[in-house]
Amino acid sequence: MDSKQKRALIARRIAQELSDGDVVNLGIGLPTMVSNFIPPGVNITLQSENGFVGLGPTPAPGEEDPCLVNAGGQPVTILPGGAFFDSAESFAIIRGGHVDVTVLGALEVDAEGNLANWMVPGKMVPGMGGAMDLVVGAKRVIVATLHVTKDGEPKLLKKCRLPLTAAAEVDLVVTDMGVFEIKDGQMIIVEKNPEFTIEEIQVATEAELVVSPQLRDMDVSGL
Amino acid sequence: MDSKQKRALIARRIAQELSDGDVVNLGIGLPTMVSNFIPPGVNITLQSENGFVGLGPTPAPGEEDPCLVNAGGQPVTILPGGAFFDSAESFAIIRGGHVDVTVLGALEVDAEGNLANWMVPGKMVPGMGGAMDLVVGAKRVIVATLHVTKDGEPKLLKKCRLPLTAAAEVDLVVTDMGVFEIKDGQMIIVEKNPEFTIEEIQVATEAELVVSPQLRDMDVSGL
Amino acid sequence: MPKIMSQKEVIGLVKDGSSVMIGGFMTCGTPCGLVEELAGSGAKDLTIICNDTGLMGDGIGMLISTDAVQHLIASHIGTNPETGQKMIDGKIQVELVPQGTLAERIRCAGAGLGGVLTPTGVGTVVAEGKEEIHVDGRTYLLEKPLHADFALIKAWKADRKGNLIYRKSARNFNPLMAMAADCVIAEVEEIVEVGEIGPDEVVTPGIFISYLTRRSN
Amino acid sequence: MPKIMSQKEVIGLVKDGSSVMIGGFMTCGTPCGLVEELAGSGAKDLTIICNDTGLMGDGIGMLISTDAVQHLIASHIGTNPETGQKMIDGKIQVELVPQGTLAERIRCAGAGLGGVLTPTGVGTVVAEGKEEIHVDGRTYLLEKPLHADFALIKAWKADRKGNLIYRKSARNFNPLMAMAADCVIAEVEEIVEVGEIGPDEVVTPGIFISYLTRRSN
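Protein chains in written order, with my numbering: chain A, 63 to 285; chain B, 63 to 285; chain C, 1463 to 1679; chain D, 1463 to 1679.
FYI, nobody ran anything at the bench for these hints, they're computed from the structure. Don't take every hint at face value.
[What the hints assert, rightly or not] With a straight-line cut-off of 27 Å between C-alpha atoms, the simulated BS3-like cross-links for lysine-lysine are:
| id | chain 1 | residue 1 | chain 2 | residue 2 |
| --- | --- | --- | --- | --- |
| 1 | C | 1619 | D | 1619 |
| 2 | A | 212 | A | 68 |
| 3 | D | 1630 | C | 1619 |
| 4 | C | 1606 | A | 201 |
| 5 | C | 1606 | D | 1592 |
[Claimed, not checked] Some chain B residues well away from chain C (every beta-carbon gap over 12 Å; in silico):
| id | residue |
| --- | --- |
| 6 | 112 |
| 7 | 220 |
| 8 | 257 |
| 9 | 261 |
| 10 | 276 |
| 11 | 285 |
These figures come from a predicted structure and were not determined experimentally. Even glycine gets a Cβ: it sits at the ideal position worked out from N, Cα and C.
Work the whole structure out from these sequences, hints included.
Next up, the structure:
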């Protein structure tokens, strides 16, 4: 699988986690791709933390409105039935549990559900933006990440080493190697990419994996 | 002076305290009468704690709108340039110091600036409504009250005996006998009704009055 | 998308002993159809969170008259002598809350905050039993969130996604309560198609609304 | 009534060392005319409170480029590498605040609250040096108000009383900052007569606004 296929696999699998009527916040990058794979018959509402619900697709060239951007500052559209609000209300929605699912990337995630995705000391300190509120506030937190770093190092750890975004909030991790539930301090593999054995996945994972009795293969067709 | 004249005297005198541009909240009853005496050239904005600024006069009969009432539930109007908001924003305005002056009635007020105007234990417990927030939040708190109770008992006390609305927040008390500044635990009479001597006013007042060196007569003409 | 239901049907969801927020100030902005239906349903042992109990037998006063209320959290009960009487008689347990504090406590629940520090009530009976916290030399009371099982709110118009706009001073507590309950039922005068309320006009986004209902005639 | 002033004149009020809130998210909803004027004025030692520092040399980035900022309170600086570099070089002291916490802290100042309890940041570096308060078994951080000498905000339209409406996602922090500063300067695209913005449409009431200004051409 090339990088593009891996990312599509992750985004498509996460889209299966969404239910009709869900309010969903998708982080920048890979998480945003989830919206391309929403199953037919599932209507979700996308929340954009800079101040609206009803986030729509990228506008056609020339149709951009500088007053309508997503949380990455990129031009977007709003769907009929959407609504604008200020930043306090936007984060009241997020912190108050009115977002059903948030999907975010990770630098590191661990078996306790800790997530680190906002800074690397001495290197990159972009700031947490809305990530800390999203991870604490959303009803369900799904991490979308490639299984290992560019250097081949595990990202699914026993214990995060980087400064945390939030402690013990992650519910599910989806990578190109599998789907991992975080429960009671355990990282449980519930689906695996059929291209790999459990042993191969464990080698690429620092956290000790628990294999679900219901372990299934991920659908990797047609990527 | 009859009761009507006394009330007009108090309301008219308080109106002199208002400056052009002030945002003002007037309590139910006597405080509401202040708006009848605003000096020419002074434009104030009235705030209604149930959710708007730009409170206007009572509508003509037949013009009442059940969706437009004041904090007493009575039909009112809104002036051009007014704005509606929810209760959290209304009290953000009040608590946040965006109301320049609030005028309220009193059961008791004392030399420390304590005010009691919301309940009489074992008797009347209507609730504090917005009064506690108004007294704490407004930049300037003016009490409008007849000098004595129906039974002739003083209302300007050494120390309030009834449950307080707020502690040490009152700036000025205007009664039918005089105008009293509250400062550093003292009740300073700065104007007096010329119909009374200082001695007569002191007899009707439990708090010990300090007479201002700039003591003047209240204007009692044309009531 | 909220379900559109009759008032009778939707009030059937409210079980005895539930906590119920009800919007409005006096009767302005009170969902009087829902309140009437709730009073008529014979509901009992409710915890009601509202600004005031309206007038005797009118607005939220209907629920006082039918003895539906066990516990009342409000800022003002003076306009309904029946509430005061039932409080004195020990039939209703009343917690009086300053109006601005009531608004913030409801907002806290909706916004996922654990509480706010307010200067309101310091040095008064409102402070009794509450934690005092000092910030930069000033004393505040720690006021905790108020959440409910149900919120009954009133709006002017809704679109089919539940986006709401309000009329004039009938807005008051309604937008706050729309965020602070598990099940939010909005009584509206009109239900319009999606797109008829512009996204800049919406006051309460539809994501908060569970049910839409119009007053039965 | 707010005074209507030129951008140059109104920025003249901002003295070196002032604290200044600036609305916007990236450059969307940022009062770029006022920011450009402030950067061009040679202002120094400012404390800037904002969501982010825009792009290099664009939006609030202009103030970073001119070394106007001594202290920065923001949620995100990653889109402007110059901010990160000046932070590493010790030229700017940066306090990073979660975006929702930033919004609430500004709101607290505007609403006269002494702080809020938020679950955001518990167990992270954001919790360092902050009081932890437990409410009903959950841990919260006490986050304190953020007030400023000035707020520079951007709206779409104002009427002559200063009532404001915003366009789309350009609303963001602007209505919050309008309540949290001693002097509030609103850059607007259009100033209309009183009555042209209906009282139900107003997002920010004019009572908060000190000055109205349009972007100089």
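Numbers of unmet hints, in rising order: Violated hint (a single one): 6; every other hint is consistent with the structure.
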